[in-house]
Amino acid sequence: MTEPAVAVRSLTKVFPIPFRRTKLVAVRGLDLEVAPGQVYGLLGPNGSGKSTTLKIILGLVSPTSGSTAIFGRDSREVGSREAVGFLPENPYFYKYLTGAETLRFYGKLCGLRGSALKNRVEELLHLVGLQDARDRRLGGYSKGMLQRIGLAQALLQEPRLVVLDEPTAGVDPAGSRDIRDLILDLKRRGITVLLSSHLLAQVQEICDRVGILAHGLLVREGRVEDLLAIEDQTELILQNATPEVLAQIAALVEKSPAQLLETRQPQTTLERLFLEATNNTEKK
Amino acid sequence: MKHRAFSPVRIAALTGNTFTELVRLKVFYFLLIFALLLIGSSIFMAQLSFQQEFQVLKDVSLGAMSIFTSLLAIVATAQLLPRDMEERTIYTILAKPVPRYEYLAGKLAGVLLLLLVSLLAMTAVFLAVLFVRQEMLASETLRQTTGLRPEQVQEAVRALKASAFSANLLPGIVVVYLKAALLASLTLFISTFATSNIFTIFVMVFIYFIGHLQATAREYWLQENSAGWIAKTFLALVALAFPDLQLFNLVDDIVAGTTIPNGLFAQTALLGCVYTSVYFFFAWVVFYGKEL
Ligand SMILES: Nc1ncnc2c1ncn2[C@@H]1O[C@H](COP(=O)(O)OP(=O)(O)OP(=O)(O)O)[C@@H](O)[C@H]1O
Ligand SMILES: [Mg+2]
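If you read the protein sequences in the order shown, they are chains A and B. Under the numbering used here, the residue at position 104 of the first sequence is numbered 104, and the numbers go up by one with no gaps. In the numbering used here, each number is its position in the second sequence, counted from 1, plus 284.
Careful, some of the hints might be misleading.
What the hints assert, rightly or not - Quick list of in silico lysine to aspartate or glutamate cross-link-like pairs, EDC-like style, CA-CA up to 16 Å:
id, chain 1, residue 1, chain 2, residue 2
1, A, K95, B, E424
2, A, K95, B, E371
3, B, K445, B, E424
4, A, K143, B, E371
Hints are computed from structural coordinates only; laboratory data are not their basis.
One chain only, chain B, in its complex shape:
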């Protein structure tokens, strides 16, 4: 039998195994429940005007989703490789006809699956809260506007619904996911050479903050210096080491209710995929020759 250099069955087995491992960890439930509570509690918010209320609701929920998925991506990925190496389970896996990139791909795919499931759960709660608040406010509006003409009532309800559900929610959530995927891939890369998972998490938190601040820093720096090729190369390197996470922050647009242009969305999505693949490639390069 000829050995197959690439086998979806093997990757699926590794993915499923990683997913099971993460799901059976208690920290995952703790984080997920915390995020769901945060989103769910918005239902008891103080009375504001409905525009304000929906704005706060989206701001809090999307913020919670973004931070939770990012945190989960980092914490979950950081311990995958170190643990396998420490407990030497990696020997039994790589002693099977499993190429090392399949092993890495299975690990990353398992994390991505976990992130997808958690984000879907949070999205479901978020949309449910949004829907419940919208219905509550709509019936309230109907009660308060008994003296008005039917057209006016309908107009008020339509305005209400428009500010609750807007078309930009979906791309916003997709971008939250891509940001987490990028962070997971980068964490995997760092964990291939890190000495401990505390180190990995520490570095990732650092990168997370720099990543959010770097856009501002770059603008400032470009104002001070002319943009020669040295400067451009330097900036490219910085952008590779510290992905510009601010690009993945569409929450402000969503809260403001402005539509996200398709072009911008496609560009951001592509950027996320490219970053994720590049970091995965780096991880493979380091892991390929690694002594176990």
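Excised from the complex, chain A in its bound form:
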């Protein structure tokens, strides 16, 4: 069996609440595995322990009990972070550095140097679409731009695992689609992605597997198709169907043991509408 990219074993995290007797259990006995090459989505309402779990995996917070490992190396080892890129939620970077300086700084921390570092920085600025803002200080960046620089920073050392905490929070729909494409591209290149998100439509689109957390407990886990399939229903979508065709279909259904639950016109999603509208103004 191949080694999992991320392994979480009976992980529990308890935060003491200062000046109170009670404690807050953020994660309870979590067991989780992400196979190499997979895109794994961690879902859950606010405060359900997603970010806490990710931080423990990155060794930023220590577990109360249980353990986590990245490619078989315990998260407490500094070396386990060699192969990982991390984008925290609402990332902030040093305001006094420019975009390019920021990437150079993080690149050096990953052991990149010289022309390799320089090329990689240019490549990533291009990838996240920040070439024009490269020499501006981050103090003047918008939220979405910070998110992009954060993403670039996470990809610097060509990691085998990328951990993204709400990668599309605060990013406009076009940017959010870019990030989705980027994740799919990572997946094509065999890079494992572990992400948390509230945007279910997007998660559904890109993730192979999801886990749903509630109050620190893993309440559902599995492949997206398996979790979503309604096995005894079928959807038909017709274009230019005349009323006669519809009537015939209805008659056919009537004669069969099946039931027609609903006939409706499919609606475009708000996302698609938004993208079309903003794209058009761009081109004018």
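Given the coordinates of chain A, assemble chain B with the ligands onto it according to the supplied hints.
Coordinates of chain B with the ligands only, in the frame set by chain A:
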């Protein structure tokens, strides 16, 4: 690829980053300009005898250098960790393969570099002022002593130069630097567990004053009590919590023009390095297991 537990490149990157952060803060320029003005203004001092003038000049300048570097060490260091934690930039750094001691070492080294640069700038201004005053006084002396024999004139100028530049200036400035380094390291330690940087600065100012007064207090206390082992342990603990900053005060010797013995200088320098390392070690111990 095997992860390297210690990487000078990473520390250098963190050091450079800390230095940039501090330099791009406006408070730094404000303090530096203030100190430079103070030193520079000594050039317009009231007419005194030249010995007195040089004494006052050194007293004011070295005092300003000492207070400024100490203040800068405390203020600059106090906000480094709290800010990284508050703005969560620390997550992005420690999520890279960076051991926590490298992170701390980079922060401290950045402050030490800043202190070095500011102290060098102040030293340059100080020496320039000293040199200008010396030349001015020398030409004045030459004018006033037209009736004297050449040997006497030369003698007067030599005396003048000797009292302007003395060999003890350099060790004096090195010790000022070490004192600031010690304070920076102690501030870093306190900021690893302090709840706010105001608290850190407050505690450091307190330690600064106790540190300067404790030698006197200890002498007084030893007179009253016999020095048993309990007393000695107690004093050692006090000395650890409140470094004896008076030891790093060589300004009086320098102003008086007495030479600082090499032994005393070496001892003080060593003490400064030991204090700095011990506090850094404490900072690491607290920071190692800290929840971010
Ligand atoms: N450092 C901390 N100290 C105390 N409690 C904490 C700490 N960090 C997180 N918590 C608590 O742990 C619980 C889980 O928080 P976490 O940030 O993991 O949630 P989340 O699933 O990421 O939520 P969101 O969707 O809002 O980002 C919350 O109740 C939070 O208040
Ligand atoms: Mg979160």
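Do the hints match the structure? See the list:
1. A:K95 with B:E424: With Cα atoms ~54 Å apart, K95 (chain A) and E424 (chain B) exceed 16 Å; violated.
2. A:K95 with B:E371: Satisfied, since the Cα-Cα distance of roughly 10 Å is no more than 16 Å.
3. B:K445 with B:E424: Distance of about 13 Å is within 16 Å: holds.
4. A:K143 with B:E371: holds, 14 Å
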